[in-house]
Amino acid sequence: MLRRIFIGVIPAVLLAAAGCAEQSVGGDTASTGQAIAYPTKTVNIMAPAGAGGGWDTTARSLQKALQDANLLNGQSAEVRNVTGAAGTIGLAELVSSHAKNPHQLMVTGLVMVGGVVTNKTPVSLADTTPIATLTAESEVIVVRSDSKYTSLKQLVDDVKANPASVKWGGGSAGGTDQILVGLLAKAAGADAKAVAKQYVAYSGGGETKAGLLSGDVSVAVSGTSEFADLIKAGTVRALAVSSAKAEDGVPSIKESGYDLELMNWRGIVAPPGITDAERAAVIALLDKLHASPAWQQTLKDKKWQDFYKSGDAAKSYFDSESTRIKGVLTEIGLG
Amino acid sequence: MGVRIAGAVVLAVGIGLFVQALTGANGSGASYAPLLITGMWVVVATLYLVKHSGPLQVRWRTPLLLLGVLVAYAVVLKYTVVGYVLATFVFFVVAARLMSTKPHWIRDLSVAIGLSLGIYLVFTKLLGISLPAGVLPI
Amino acid sequence: MSDLLGGFADVLTVQNLLYAAIGVTIGTLVGVLPGIGPALTIALLLPVALKLDDPTGTLIMFAGIYAGGMYGGSTTSILLNTPGESASVATSIEGYQMALRGRARAALATAAIGSFVAGTLSTILLTFVANPMAKLAVTFRASDYFALSVLAMVAVTALVGSSLIRGLMSLTFGLFLGLIGIDSLTGQARFTFGVPSLLDGVDIVVVIVGLFAIGETLYIASRLRELPSQVAPLSKQGMTRDDWRRSWKPWLRGTALGFPFGALPSGGAELPTFLSYLNEKRLSKRKEEWGKGAIEGVAGPEAANNASFSGVLVPLLTLGIPTSATAAVMLAAFNYFDLSPGPQLFEKSSALVWALIASLFIGNIMLLTLNLPMIRVWVKVLQIPRPVLYSGILVFATLGVYAVSGNIIDVLIAYAIGIIAMFMRHLEFPVAPVILGVILGPMMETQFRRAMLLADNDLSVFVTRPLTLTLLLLAVAAIGLPHLPKLFKRNRLALGEDD
Numbered sequence: 193m194l195r196r197i198f199i200g201v202i203p204a205v206l207l208a209a210a211g212c213a214e215q216s217v218g219g220d221t222a223s224t225g226q227a228i229a230y231p232t233k234t235v236n237i238m239a240p241a242g243a244g245g246g247w248d249t250t251a252r253s254l255q256k257a258l259q260d261a262n263l264l265n266g267q268s269a270e271v272r273n274v275t276g277a278a279g280t281i282g283l284a285e286l287v288s289s290h291a292k293n294p295h296q297l298m299v300t301g302l303v304m305v306g307g308v309v310t311n312k313t314p315v316s317l318a319d320t321t322p323i324a325t326l327t328a329e330s331e332v333i334v335v336r337s338d339s340k341y342t343s344l345k346q347l348v349d350d351v352k353a354n355p356a357s358v359k360w361g362g363g364s365a366g367g368t369d370q371i372l373v374g375l376l377a378k379a380a381g382a383d384a385k386a387v388a389k390q391y392v393a394y395s396g397g398g399e400t401k402a403g404l405l406s407g408d409v410s411v412a413v414s415g416t417s418e419f420a421d422l423i424k425a426g427t428v429r430a431l432a433v434s435s436a437k438a439e440d441g442v443p444s445i446k447e448s449g450y451d452l453e454l455m456n457w458r459g460i461v462a463p464p465g466i467t468d469a470e471r472a473a474v475i476a477l478l479d480k481l482h483a484s485p486a487w488q489q490t491l492k493d494k495k496w497q498d499f500y501k502s503g504d505a506a507k508s509y510f511d512s513e514s515t516r517i518k519g520v521l522t523e524i525g526l527g
Numbered sequence: 829m830g831v832r833i834a835g836a837v838v839l840a841v842g843i844g845l846f847v848q849a850l851t852g853a854n855g856s857g858a859s860y861a862p863l864l865i866t867g868m869w870v871v872v873a874t875l876y877l878v879k880h881s882g883p884l885q886v887r888w889r890t891p892l893l894l895l896g897v898l899v900a901y902a903v904v905l906k907y908t909v910v911g912y913v914l915a916t917f918v919f920f921v922v923a924a925r926l927m928s929t930k931p932h933w934i935r936d937l938s939v940a941i942g943l944s945l946g947i948y949l950v951f952t953k954l955l956g957i958s959l960p961a962g963v964l965p966i
Numbered sequence: 396m397s398d399l400l401g402g403f404a405d406v407l408t409v410q411n412l413l414y415a416a417i418g419v420t421i422g423t424l425v426g427v428l429p430g431i432g433p434a435l436t437i438a439l440l441l442p443v444a445l446k447l448d449d450p451t452g453t454l455i456m457f458a459g460i461y462a463g464g465m466y467g468g469s470t471t472s473i474l475l476n477t478p479g480e481s482a483s484v485a486t487s488i489e490g491y492q493m494a495l496r497g498r499a500r501a502a503l504a505t506a507a508i509g510s511f512v513a514g515t516l517s518t519i520l521l522t523f524v525a526n527p528m529a530k531l532a533v534t535f536r537a538s539d540y541f542a543l544s545v546l547a548m549v550a551v552t553a554l555v556g557s558s559l560i561r562g563l564m565s566l567t568f569g570l571f572l573g574l575i576g577i578d579s580l581t582g583q584a585r586f587t588f589g590v591p592s593l594l595d596g597v598d599i600v601v602v603i604v605g606l607f608a609i610g611e612t613l614y615i616a617s618r619l620r621e622l623p624s625q626v627a628p629l630s631k632q633g634m635t636r637d638d639w640r641r642s643w644k645p646w647l648r649g650t651a652l653g654f655p656f657g658a659l660p661s662g663g664a665e666l667p668t669f670l671s672y673l674n675e676k677r678l679s680k681r682k683e684e685w686g687k688g689a690i691e692g693v694a695g696p697e698a699a700n701n702a703s704f705s706g707v708l709v710p711l712l713t714l715g716i717p718t719s720a721t722a723a724v725m726l727a728a729f730n731y732f733d734l735s736p737g738p739q740l741f742e743k744s745s746a747l748v749w750a751l752i753a754s755l756f757i758g759n760i761m762l763l764t765l766n767l768p769m770i771r772v773w774v775k776v777l778q779i780p781r782p783v784l785y786s787g788i789l790v791f792a793t794l795g796v797y798a799v800s801g802n803i804i805d806v807l808i809a810y811a812i813g814i815i816a817m818f819m820r821h822l823e824f825p826v827a828p829v830i831l832g833v834i835l836g837p838m839m840e841t842q843f844r845r846a847m848l849l850a851d852n853d854l855s856v857f858v859t860r861p862l863t864l865t866l867l868l869l870a871v872a873a874i875g876l877p878h879l880p881k882l883f884k885r886n887r888l889a890l891g892e893d894d
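Chains as they are written, first to last, in my numbering: chain G, 193 to 527; chain W, 829 to 966; chain P, 396 to 894.
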């Protein structure tokens with residue numbers, strides 16, 4: 193296999209070198225302001241979590257796609273992991289140690305927005321330079337197939353009547369799953385704090401599954417892909433997904449009558465203090481990446497939903513998400 | 829006597845942690861385990877202090893120097909531009925010298941070069957885990 | 396059965412055997428490094444492997460990496476008392492003592508053969524009982540897990556060693572380390588002292604690297620003048636007839652413990668290794684050898700460790716529930732191959748599943764054939780001059796923590812635990828209970844509070860569920876049983892005196 197690695201790597205390096213020669217001659221014109229050459233050094237992508245996790249996979253796929261699509265002016269991209277506290281350790285490092293460095297990027301996501309609130313970290317996403325959102329996954333609300341609930345409305349009606357009658361299971365406290373439960377309670381006009389008290393945190397999707405199947409909890413909330421196999425097998429029943437529209441025949445929360453949409457998105461930010469021209473160049477790079485066949489293939493291979501917003505659209509999305517998440521977490525007593 | 833001092837330190841730390849658990853207690857489910865465990869710490873440490881005594885002879889010099897070199901190594905890795913290979917090379921030579929009675933420069937220097945370069949290449953090239961490249965042109 | 400044979404037919408090609416050999420070799424090498432286990436290696440090699448576009452080959456290689464990683468981990472535990480992950484801590488207790496007495500080759504051999512026996516038997520179990528086993532495993536509820544952890548805690552307190560007070564102090568230290576970080580149920584920070592890096596808690600890898608690799612090195616450094624110049628006497632002899640006789644039962648019993656524990660969604664791979672260690676100690680007829688290198692104490696835990704992996708595959712393949720880091724990475728690999736685990740996996744994507752199971756067999760055989768001859772080479776590690784060896788251990792220990800987390804605070808915590816561990820060794824505090832505290836403490840607390848939350852704070856949940864009650868009664872019995880014979884004896888004696 194080592195041979196294969198080398199056989200794979202060497203042409204890629206040669207291609208990248210060849211690609212750079214072409215690109216640097218042409219130069220790029222960014223949409224706003226004066227175009228500058230970017231990147232001029234190795235691009236360092238920080239994955240603010242351990243190797244193998246979602247953010248790490250995003251960072252490494254991004255690295256690979258940037259290189260495969262020859263977008264780096266012959267420079268290379270590196271991934272570095274900084275683990276801890278829902279990515280807020282990495283966020284603090286980005287803000288404090290890498291300010292003004294446009295060659296340092298960081299993967300971020302909804303989980304970090306929640307982490308900033310629950311960990312009460314002094315820095316937040318507002319301290320970074322937003323670049324783009326890349327992918328997103330919806331959440332799903334499921335019950336066992338022998339459950340009495342067949343629609344989200346029945347479940348929510350019970351919750352409204354007596355919050356203690358329904359035990360919710362999902363990922364760790366203050367994470368995406370509990371945020372969804374809080375937002376749903378708010379949207380339905382239930383007592384969000386009382387509902388959140390009935391939330392039982394598990395250490396991940398796998399443990400949540402076990403908790404639902406064993407009968408510990410009556411409802412589970414998790415990423416849609418996490419439960420896809422059990423839904424297909426008929427072991428559990430999906431009541432609703434958190435995206436705007438129905439997915440695979442499962443109605444969205446919105447269609448079920450509650451004005452709520454929540455995507456577990458992942459994106460890219462740059463450190464604070466980079467110039468407008470640098471920001472424009474990084475955004476242009478991501479725009480090109482998004483349009484490249486390499487990235488589209490990555491999305492297909494990894495079964496990721498395209499959720500691309502860049503520049504000002506990304507910035508306003510980050511802002512609105514931060515406000516909404518902070519609001520609901522404070523309301524359920526975690527902020 | 830030495831064992832008594834160690835016991836007293838352990839007890840003092842236990843009391844400090846117990847006090848912190850007490851002040852942090854807010855009636856939520858998360859407060860009980862800290863109280864229980866730090867309380868157990870205080871009880872067991874008291875028993876240890878009462879029941880165990882005797883001399884404790886530790887040759888401090890080498891382990892403390894090693895610890896100092898280790899901390900310096902970690903700080904250099906993280907906060908300077910020296911880079912993995914050079915930092916590891918220097919660390920290895922110094923640590924090996926600290927633990928030997930007489931110098932073995934050729935042995936230590938050659939192992940240090942092989943080890944630091946080998947690790948760097950395997951990690952960055954094969955595993956894709958980035959280590960700080962630093963000032964060396966690798 | 397014909398399915399399995401079909402699996403073998405798919406797997407047994409020259410190319411696949413080569414993949415298996417490469418996997419086992421890579422796995423053994425990374426398993427030797429502290430902190431860098433099979434999970435991380437597979438995660439990092441996944442993108443490369445996908446380029447091969449050969450699902451069978453990839454799975455075979457991963458199975459090889461896993462088997463090799465498990466074995467590599469036990470190698471350093473035995474030779475240097477530096478286990479790299481929690482599942483090899485139990486192995487290090489007797490294994491290192493064997494190495495110190497010139498029996499390293501026998502210890503490594505019983506570990507390798509035990510891994511092979513356990514790996515093979517548990518894979519057979521996986522083949523035939525995966526579905527019923529999974530159904531049983533998911534009936535475990537929070538209260539059952541709590542009762543199970545109480546039972547485990549009671550059982551392993553026997554590990555505290557000769558001095559109860561010192562053992563309890565070590566256990567308490569471990570329990571405290573387990574408390575640090577954000578409480579998963581409420582999101583409250585506990586004992587983080589304002590350090591953001593502590594919010595996630597102290598990673599078990601950091602604790603193990605500190606307690607063993609760093610602690611052991613500092614301890615050695617403090618005793619350099621008293622130690623003989625050789626790290627350990629030359630080990631010439633492999634397993635003797637007597638060693639075989641003493642090993643085969645622990646291999647089987649270890650397998651019997653490891654497989655079901657691995658299958659429990661919140662069981663964990665470490666517990667069966669410790670339970671196997673204790674079980675062997677309890678059953679041993681040569682109690683005086685324990686603590687001085689009893690081969691049963693290596694054979695049992697190693698078998699339990701390997702058997703638990705096939706156990707982990709039970710909920711993974713049948714329900715898509717990953718219960719260990721490695722399993723989570725395997726799940727990611729399955730998804731790439733459109734192999735979605737779940738109740739119908741065995742019927743639907745059967746060819747690949749059988750190929751996977753066949754590759755587990757191949758991986759185990761390859762491990763044995765490659766590593767038995769390698770033992771001669773491994774024991775040469777003990778011939779390395781001490782300063783070089785231990786400086787190297789420090790380099791790898793730092794690398795294991797730093798490269799994985801990129802977080803300097805983790806490295807400093809490992810050093811701090813290392814200096815504490817040095818004092819623990821001088822003051823004769825046992826170190827294994829610290830690991831148990833870190834593992835069992837959070838499990839007991841979380842499951843207890845989950846059970847209470849689910850039962851609306853009604854304590855009766857612990858006596859109304861038959862499974863919970865049984866496990867708790869077993870725990871009570873485990874406390875009482877060792878004293879029972881004494882009571883009877885005393886009574887009889889008393890009666891005798893009356894006569």
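The set of hints was computed from the structure by calculation and includes no laboratory data.
Among the hints, erroneous ones may be present.
Derived, one-sided and incomplete: chain P residues facing chain W with beta-carbon distance under 8 Å [said to hold, decoys possible]:
hint	residue
1	782
2	797
3	821
4	854
5	856
6	858
7	860
Don't be surprised by glycine CBs; every beta carbon is placed ideally from N, CA and C.
Hint check results:
For the restraint placing residue 782 of chain P at the interface with chain W, the shortest Cβ-Cβ distance is roughly 4 Å, inside the 8 Å limit, so the hint holds. About 6 Å separates the beta-carbon of residue 797 of chain P from the nearest beta-carbon of chain W, less than 8 Å, and the hint is met. Look at residue 821 of chain P: its Cβ gets to within about 6 Å of chain W, closer than 8 Å, so that hint holds up. The criterion of a C-beta within 8 Å of any C-beta in chain W is not met by residue 854 of chain P, whose closest approach is roughly 13 Å, and the hint is violated.
Annotation: residue 856 of chain P was flagged as interfacial toward chain W, and the flag is violated, the nearest CB pair being 15 Å apart, outside 8 Å. For residue 858 of chain P, the interface hint is violated, the least distance from its beta-carbon to any beta-carbon of chain W being 20 Å, above 8 Å. For residue 860 of chain P, the suggested interface contact is broken, since its CB lies about 20 Å from the closest CB of chain W, more than 8 Å.
Violated hints for the displayed structure, listed by number in ascending order: 4, 5, 6, 7.
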